[in-house]
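> Next come the chains, spelled out residue by residue.
There are 2 protein chains.
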Amino acid sequence: MSTTAGSKVFEYIEKLAAISEDDGKLTRVSLSEQHRQANQLVAGLMRDAGMLVHTDAIGNIVGRLEGQSDSRALLLGSHLDTVRDAGRFDGMLGVVAPIVCIEQLQKNGVKLPFAVEIVGFCDEEGVRFPSTLLGSRAIAGTLDPAVLNECDANNISLADALQAFGQDPAKVSSASRSADEFLGFVEVHIEQGPVLEREGLPVGLVSAISGAGRYSITVDGVAGHAGTVPMHLRSDALVAASECIVEIERICQALPDVVGTVGVIDARPGAGNVIPGQVEFSLDLRSSRDSTRDQAQQQIYNAIDSVAAKRKVAINCQQTYEANSVTCDQWLSGQIGQAISACGHRLHSLPSGAGHDAMALAELTNVAMLFVRCAGGISHNPEESITEEDAEVAVQVLYQLLTQFEYDAAS
Amino acid sequence: MSTTAGSKVFEYIEKLAAISEDDGKLTRVSLSEQHRQANQLVAGLMRDAGMLVHTDAIGNIVGRLEGQSDSRALLLGSHLDTVRDAGRFDGMLGVVAPIVCIEQLQKNGVKLPFAVEIVGFCDEEGVRFPSTLLGSRAIAGTLDPAVLNECDANNISLADALQAFGQDPAKVSSASRSADEFLGFVEVHIEQGPVLEREGLPVGLVSAISGAGRYSITVDGVAGHAGTVPMHLRSDALVAASECIVEIERICQALPDVVGTVGVIDARPGAGNVIPGQVEFSLDLRSSRDSTRDQAQQQIYNAIDSVAAKRKVAINCQQTYEANSVTCDQWLSGQIGQAISACGHRLHSLPSGAGHDAMALAELTNVAMLFVRCAGGISHNPEESITEEDAEVAVQVLYQLLTQFEYDAAS
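Chains as they are written, first to last, in our numbering: chain R, 612 to 1022; chain B, 612 to 1022.
Take these hints with a grain of salt, some might be off.
[As the list claims (entries may be wrong)] Subject to a maximum C-alpha distance of 25 Å in a straight line, what follows is the list of computed SDA-like cross-link-like pairs (lysine to any residue):
| no. | chain 1 | residue 1 | chain 2 | residue 2 |
| --- | --- | --- | --- | --- |
| 1 | B | LYS636 | B | ARG695 |
| 2 | B | LYS923 | R | LYS626 |
| 3 | B | LYS923 | R | ARG809 |
| 4 | R | LYS626 | R | VAL694 |
| 5 | R | LYS923 | B | GLU994 |
| 6 | B | LYS921 | R | ALA865 |
| 7 | B | LYS921 | R | PRO867 |
| 8 | R | LYS636 | B | ALA882 |
| 9 | R | LYS626 | R | THR638 |
| 10 | R | LYS636 | B | GLY888 |
[What the hints assert, rightly or not] Reference excerpt, derived from the structure (chain R facing chain B, CB under 8 Å, subset only):
| no. | residue |
| --- | --- |
| 11 | HIS836 |
| 12 | GLY881 |
| 13 | ALA920 |
[Stated by the list, open to error] Covered, in the sense of this in silico footprint (three residues per stretch, anywhere, with C-beta under 8 Å from a C-beta of chain R), are these stretches of chain B:
| no. | region |
| --- | --- |
| 14 | 786-792 |
| 15 | 803-816 |
| 16 | 846-855 |
| 17 | 883-890 |
No lab work stands behind these hints: they were computed from the structure.
Note that CB positions come from ideal geometry on N, CA and C, so glycine has one too.
Generate the whole structure from the sequences, applying the supplied hints.
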């Protein structure tokens, strides 16, 4: 195949990055004028690659290349919306790399027995409306019609935004597809973490999209004067919280494939000369295996109970959110793994700690993901970057996957 | 002596507590109309007890009872100003208990060889003006004339407030006294801590007023996505800070007579799904022995350096304030100790973690302090309370001190 795939990816990425509501930085929210322009650009690229293109009822842009012998499609894609002041690769890489791959197939005269569809999802980030994953959930048929009434910051409902975008909100359910239309879904995405960079690898295979639990933890001790209460008479809520935070790290380090993060802490009353009487802190706990996350949660609860008993403080843990993990499909991932190896790269599997469109698609079909190395693990930031060489590898792996796809096994 | 001393103390405390700028709560700042009323009330009580009374150039109310053979005075007293929404005993007990003691002396016809002076200091809390200890520093001759230009929240300078109070600000230095006028200074004060309550004792002898250091400590780690950065690739500033906080407690517990408090903590960026990249926290370190505080500081610096090296984070410690301890005079404290024992109470010495007028008076003469048990160690709060029985003990100890004073040893 041509060695220009990487530069093609970068050319299209630059064109997409130029479509922004902000001057000098990239912000593109779903169903906006900028979204329409991005869909038009992508539709043009798809058509140039020989695909039939339509916009579906939720505003996704969908391109289709028919197969020789089977109408079932391998679905590829990612999202075209961005966070505010975004990077250029999050989402967009997963739309552009498959298009460049299809271009290469066409150029080389390769005919696939099965169909290929590429989707540019209308909303994954959830920046404009309170809900996220609108595009992928609509295709999976899991979009609650109630979200049509949700409003953006300008009090425009999703229904009105769809109307203005040229879609009939009453027909939004027609975006949903059936399982027997697909062989599976493969999403290419930047890693948004530092693992592949540390491993020295351009791409990696995602084992699962991590499940997550979020918690609010409150420690009640006894406030007091920093000068007059001797150490042995204190019930310092902040030292107790600190011991919990150190324990949380120890527990998450000892278990495989778990991350635990305390990102927010508030000590009250919050004066330098007053012993904290109450501390509230957050916990974000993730694992690609729900049973391991349950195990981590139990160990953390036990550790917190020990700290509370030892220090004579009360500690209350409130779970505020839970989402189970989505395991990537073994058969589909196995084929991506073979493609990575065939392209000459060591196969490294890693979980995705962040959420992706593949989470929603997993309700409809088998899903798998290919991660691409990003500099410093930096994402959701204008500094977000990948190399042309790594983009080239991503296209090569997709090309290898499509041309060597074990199609019989899928039936 | 009469058993009504405790109830007398409470009667006078109630009268003083009724003089407030706020309805239903006690707030009385220096050189205010309420301060004038409090001085008038105290002056009346002093005169009724046979003392000669004057208001000095900074607004202190001073009563004097001449001795039989020596003009040198044992100085007693505390402050008449309060914090906002204050308790009734902080400061006032140290003015009222000596007055009740003098009443008892007069009633019993006891004549002392030396003089006694009682001062109601005009300002210890520093609520109205930026500076604190105005009254005791003026008497000690350590008041910087520059503070006359400091302004309150209504932009009234201390000089103008003095003028309105009937004093000539140009003559404020005339409030200063000379060392040879005094035998020493004894301050009665509520403990504002829980130690005497735990010891089951009505009163305690203060060994020293603690010195203090305040610090701002900044931990610089690396922020990152809570889902995508594995535990072993993190430089989490909050876990590092937590380890420091646990170490600070361990070090302060292991050293005698040291308290260390982290009262303020701020984790940045402060989102539940972001690993904290920077944490700033406060440290308040106190000890009655400066060498022990130095030792604690060094051990804390070493522990922080170890945490920084182990976790590959940068930790910067900035000392923002330092005040050395004031050791109570052995000879004077010894006599208070004898008086406590003579009154039938076990002698317990403890440091004062909070500052007091005695700190400023130590620049002029020997100082000593008698602490009175307060419920739950609660102070600077309307819940602040002591019992009539403990107030009685405080007056008894003062009476014992004055009547058994080893006067020869003082010359």
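> Indicate, hint by hint, whether the structure satisfies it.
Here is what the structure says about each hint:
This hinted pair checks out: LYS636(B) and ARG695(B) have alpha carbons roughly 8 Å apart, not beyond 25 Å. At most 25 Å may separate the alpha-carbon atoms for a hinted pair to count; LYS923(B) and LYS626(R) exceed this at roughly 40 Å. Distance restraint check for LYS923(B) and ARG809(R): the Cα-Cα separation of roughly 17 Å lies within the 25 Å cut-off, and the hinted pair is therefore satisfied. About 17 Å separates the Cα atoms of LYS626(R) and VAL694(R), which keeps this hinted pair within 25 Å; it holds.
Taking the CA atoms of LYS923(R) and GLU994(B), the gap is near 23 Å; set against the 25 Å cutoff, the hint holds. A hinted pair counts as satisfied when its Cα atoms are at most 25 Å apart, and LYS921(B) with ALA865(R) qualifies at roughly 17 Å. At roughly 22 Å between alpha-carbon atoms, LYS921(B) and PRO867(R) fall within 25 Å of each other, so this suggested pair holds. Simply put, LYS636(R) and ALA882(B) have alpha-carbon atoms about 23 Å apart, close enough for the 25 Å limit, and the pair holds.
Of the supplied pair hints, the one linking LYS626(R) and THR638(R) holds, its CA atoms being roughly 14 Å apart against a limit of 25 Å. With a C-alpha separation of about 24 Å, the suggested pairing of LYS636(R) with GLY888(B) holds against the 25 Å cut-off. Taking 8 Å as the C-beta contact cut-off toward chain B, the hint placing HIS836(R) at the interface holds, the least distance being around 6 Å. Annotation: interface hint on GLY881(R) holds; nearest CB of chain B at approximately 6 Å, less than 8 Å.
Proximity of ALA920(R) to chain B is violated relative to the hint, the smallest CB-CB distance being about 17 Å (cut-off 8 Å). Beta-carbon proximity to chain R at under 8 Å applies to 0 residues in the region 786-792 of chain B; the threshold of 3 is not reached and the given coverage is violated. Coverage of the region 803-816 of chain B by chain R holds [criterion: at least 3 residues with CB-CB distance below 8 Å; count 5]. Counting residues of the region 846-855 of chain B whose beta carbon lies closer than 8 Å to any beta carbon of chain R gives 6, which reaches the threshold of three, so the coverage claim holds.
By the rule of at least three residues with a Cβ nearer than 8 Å to a Cβ of chain R, the coverage given for the region 883-890 of chain B holds, with 5 such residues.
The structure does not agree with the numbered hints 2, 13 and 14 stated previously, though it agrees with the rest.
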